[in-house]
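Visitor: Model the full structure from these sequences, guided by the hints.
From first to last, the protein sequence lines are chains A and B.
Numbering follows my numbering, with no gaps: position 122 of the first sequence is 122.
Numbering follows my numbering, with no gaps: position 269 of the second sequence is 269.
No lab work stands behind these hints, which were simulated from the structure alone.
Please note: incorrect hints may appear among the correct ones.
What the hints assert, rightly or not - Think about it this way: if two alpha-carbon atoms lie no more than 30 Å apart in a straight line, the pair counts; the simulated DSSO-like pairs of lysine-lysine are:
| no. | chain 1 | residue 1 | chain 2 | residue 2 |
| --- | --- | --- | --- | --- |
| 1 | B | K131 | B | K329 |
| 2 | B | K341 | A | K222 |
| 3 | B | K182 | B | K195 |
| 4 | A | K6 | A | K66 |
| 5 | B | K97 | B | K333 |
| 6 | A | K66 | B | K195 |
| 7 | B | K195 | B | K178 |
| 8 | B | K195 | A | K312 |
| 9 | B | K178 | A | K66 |
| 10 | A | K222 | A | K6 |
| 11 | A | K307 | A | K6 |
| 12 | A | K66 | A | K53 |
What the hints assert, rightly or not - The calculated label-pair distances, taken between Cβ atoms and stated as ranges, are:
| no. | chain 1 | residue 1 | chain 2 | residue 2 | range |
| --- | --- | --- | --- | --- | --- |
| 13 | A | L59 | B | R129 | 41 to 47 Å |
| 14 | B | N76 | A | T292 | 37 to 43 Å |
| 15 | B | A257 | A | D251 | 32 to 38 Å |
| 16 | B | D87 | A | K309 | 38 to 44 Å |
By construction, the Cβ of each residue, glycine as well, lies at the ideal position given by its N, Cα and C atoms.
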Amino acid sequence: MGNYDKNLQSALDFLTLSQNPDGGWGYHRDGMSYLEPTAFALLALFNPNIGIKPNAGDLRYNAVQKALGWLRQGQHADGGWGVFPADEFSNWMTYPATWVLTVMLKIPELYAAYAKPEDAAVRNRAQQWIVERGREPAIESDAVFNQVRRLFNIDSNFRGWSWGSGEAGWVIPTSLALISLVISDPATMVENELVKNGKNYLKDRACPVGGWNVGNPWMIGKQLPPTPDATSFALLAWRLLLTASDFGTTDQLQKSLNVLSDFVTNSNSDQTIVLGTLALRLFDDSLASLDTMISGVTREFGPEKIKKKTAKGQDGVTGGWANSPYTTALAALALSDTRYYIQPG
Amino acid sequence: MITRNQPKKKKLLSRRQFTRLMLTGAIGGAVVVTELASRPLGLIKWFGVNWRRVNRGFGQASQVAIVNAPSYDNVNEVLNQLRTAWDSVDSPEVMGKRVVLKPNIIYNIPGRVINTHPSVIDAAIQLMREKGAKEIIVAEGTAYQQDITDLLYQSGIQDVLERNNVPFVDLNHDDIVKVQNKGGYSGRQALWLPKTIANADLLVSMPKLKTHHWAGATLSMKNLYGIVPGLRYGWPKNALHVTGIEANIVELYETIAPQVAIVDGIMGMEEDGPLFGRAKSTQVLVVGRDLVAVDATCCRIMGLEPTRDQIKHIWYADWLGQGVMSQDKITIKGVPLESVKQNYAPPPSLDDLKRY
Numbered sequence: 001m002g003n004y005d006k007n008l009q010s011a012l013d014f015l016t017l018s019q020n021p022d023g024g025w026g027y028h029r030d031g032m033s034y035l036e037p038t039a040f041a042l043l044a045l046f047n048p049n050i051g052i053k054p055n056a057g058d059l060r061y062n063a064v065q066k067a068l069g070w071l072r073q074g075q076h077a078d079g080g081w082g083v084f085p086a087d088e089f090s091n092w093m094t095y096p097a098t099w100v101l102t103v104m105l106k107i108p109e110l111y112a113a114y115a116k117p118e119d120a121a122v123r124n125r126a127q128q129w130i131v132e133r134g135r136e137p138a139i140e141s142d143a144v145f146n147q148v149r150r151l152f153n154i155d156s157n158f159r160g161w162s163w164g165s166g167e168a169g170w171v172i173p174t175s176l177a178l179i180s181l182v183i184s185d186p187a188t189m190v191e192n193e194l195v196k197n198g199k200n201y202l203k204d205r206a207c208p209v210g211g212w213n214v215g216n217p218w219m220i221g222k223q224l225p226p227t228p229d230a231t232s233f234a235l236l237a238w239r240l241l242l243t244a245s246d247f248g249t250t251d252q253l254q255k256s257l258n259v260l261s262d263f264v265t266n267s268n269s270d271q272t273i274v275l276g277t278l279a280l281r282l283f284d285d286s287l288a289s290l291d292t293m294i295s296g297v298t299r300e301f302g303p304e305k306i307k308k309k310t311a312k313g314q315d316g317v318t319g320g321w322a323n324s325p326y327t328t329a330l331a332a333l334a335l336s337d338t339r340y341y342i343q344p345g
Numbered sequence: 001m002i003t004r005n006q007p008k009k010k011k012l013l014s015r016r017q018f019t020r021l022m023l024t025g026a027i028g029g030a031v032v033v034t035e036l037a038s039r040p041l042g043l044i045k046w047f048g049v050n051w052r053r054v055n056r057g058f059g060q061a062s063q064v065a066i067v068n069a070p071s072y073d074n075v076n077e078v079l080n081q082l083r084t085a086w087d088s089v090d091s092p093e094v095m096g097k098r099v100v101l102k103p104n105i106i107y108n109i110p111g112r113v114i115n116t117h118p119s120v121i122d123a124a125i126q127l128m129r130e131k132g133a134k135e136i137i138v139a140e141g142t143a144y145q146q147d148i149t150d151l152l153y154q155s156g157i158q159d160v161l162e163r164n165n166v167p168f169v170d171l172n173h174d175d176i177v178k179v180q181n182k183g184g185y186s187g188r189q190a191l192w193l194p195k196t197i198a199n200a201d202l203l204v205s206m207p208k209l210k211t212h213h214w215a216g217a218t219l220s221m222k223n224l225y226g227i228v229p230g231l232r233y234g235w236p237k238n239a240l241h242v243t244g245i246e247a248n249i250v251e252l253y254e255t256i257a258p259q260v261a262i263v264d265g266i267m268g269m270e271e272d273g274p275l276f277g278r279a280k281s282t283q284v285l286v287v288g289r290d291l292v293a294v295d296a297t298c299c300r301i302m303g304l305e306p307t308r309d310q311i312k313h314i315w316y317a318d319w320l321g322q323g324v325m326s327q328d329k330i331t332i333k334g335v336p337l338e339s340v341k342q343n344y345a346p347p348p349s350l351d352d353l354k355r356y
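Guide: Pasting the structure below:
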């Protein structure tokens, strides 16, 4: 793994240098700051294995401090976050914000370097929002409940988490919400009834061929295929929550890993390759090649079948992926020696 | 009996004054009650809508062009047909404008004709260039996954973008701005929109001719769902379902102007659209700047009539005066509607399940 230290370092340098003046990061370099890319950039920069230098002269230390300030300021009175501070309604961005705060609070070196006395209360209020406001409401009408089951083959007794408060649950926000709840105390939280229900939601929404999509494995009698993003996030959650026995005798995990592996192998997207590699490596280092993620992909392209680099991999000059702080942060997590970001402490 | 002239007590109000006061109060109360009861439209808006509808009634008919386009194979042929259609109606000025082409790109399911075909996008890019566009951008915020890159490659659209040297903007992750929701029919006062859309001089909605199991049909107005940023409203844009599909479609149309539609009807989708329906060869392109008229015409090409009960958003947009759906208020240019009319199998009706 030491072979990739330079790649990791230059990815973190990219993040440090691509931070916006307000302290956040965008999905694209110079794009406006949003909470999700800021949370993942923080998770990447938190990497305790490369050492923390808590002094004002250190660029990385300063970047993290500034980003944490942006994050703390953005919390609403109800405990949640919007997509950025100007967004007055709390929504799914609360899940990655809670996740990153918990990692900081659980790793002693990070806590010592970055935490403020009020951070535990900030995180607790956020968890409260997730429990009370982020979860999808129950379906009251029996007729609707039964029709949903008939047309979509899903069990609405299992309630996921929403993108926006009061809406239906979906796989990606459910995965992020479960991670952000469980990561603080996995041994206790996996027995929590809400979390168990969420686990069952993920089991119920898995596609028959393996993997996940937005949350509709069936659409009026037809199978809706899995997608790489939902499959990756659900597998991240699985690493914390689920075991093979959760699916009884089915080989859902293996099918999902195969599906994701196929996505990564055939993709022309840096984001898909990076996110998929991150998820696959949580199960087996040999499943995912960091080399592909770093070097990119060259394929025949267009009617003339010209060879072209479709996924560009890590930029040799900037150290980033797809000129995107978000994708680069995910790549930095995939490059990490340890799983501190999902199994802290 | 001695009577005295006692001074009359001065009444606070005469009977007439009292009656006037009561009447005024009753009218005022009725206005308030009606305003509250008629929300989210509201009484004031209702007057505005009716004023617009009356004006529409006296106005000129909307123009919609229908042209035959037998296949996607030859882009030049598609371009020729598209140019004919564009020039035959009162199309908007393009010269010097920042034009955003918004196709419908949502899923890649083998054997299904889901996305706007790359040949039509290619032809539209070339047409906008011919007409003197200052800048051309292709943009979409796909509904079912966060990253659209592989959809662009699999659909062949990436090749078109690169050959024409045209940038693509992922509207799900663009910078966003808060705009006033001009319609307000969903109860939402403001809307976060991608800057690419907010800053466009001309938005070209480029849907595929398809049925839709929630909305009845997905055409140039429903295609506007794709501009709503996923990072704020989630995937698959569910926030716009729970507050009413029809209300959200018409208020997006009202909020985001000016627009024009180019409908890819060369190969349409019938029955269980927008993903699992059957391909239906229809061999038309439809163009117009009144999206209500364009969509109503497309419905008739599919053999479906937009009514309050089915394909309600078109009826709703007409009722709001955003455009016209009545056949006698639409002037068809190009080939007659009857000559291209098909008999699409309708989508299943799922009215009570729109939160999914």
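Visitor: Taking the numbered hints from earlier one at a time, note which ones the structure violates and give those numbers from smallest to largest.
Guide: Those not satisfied are hints 10, 15.
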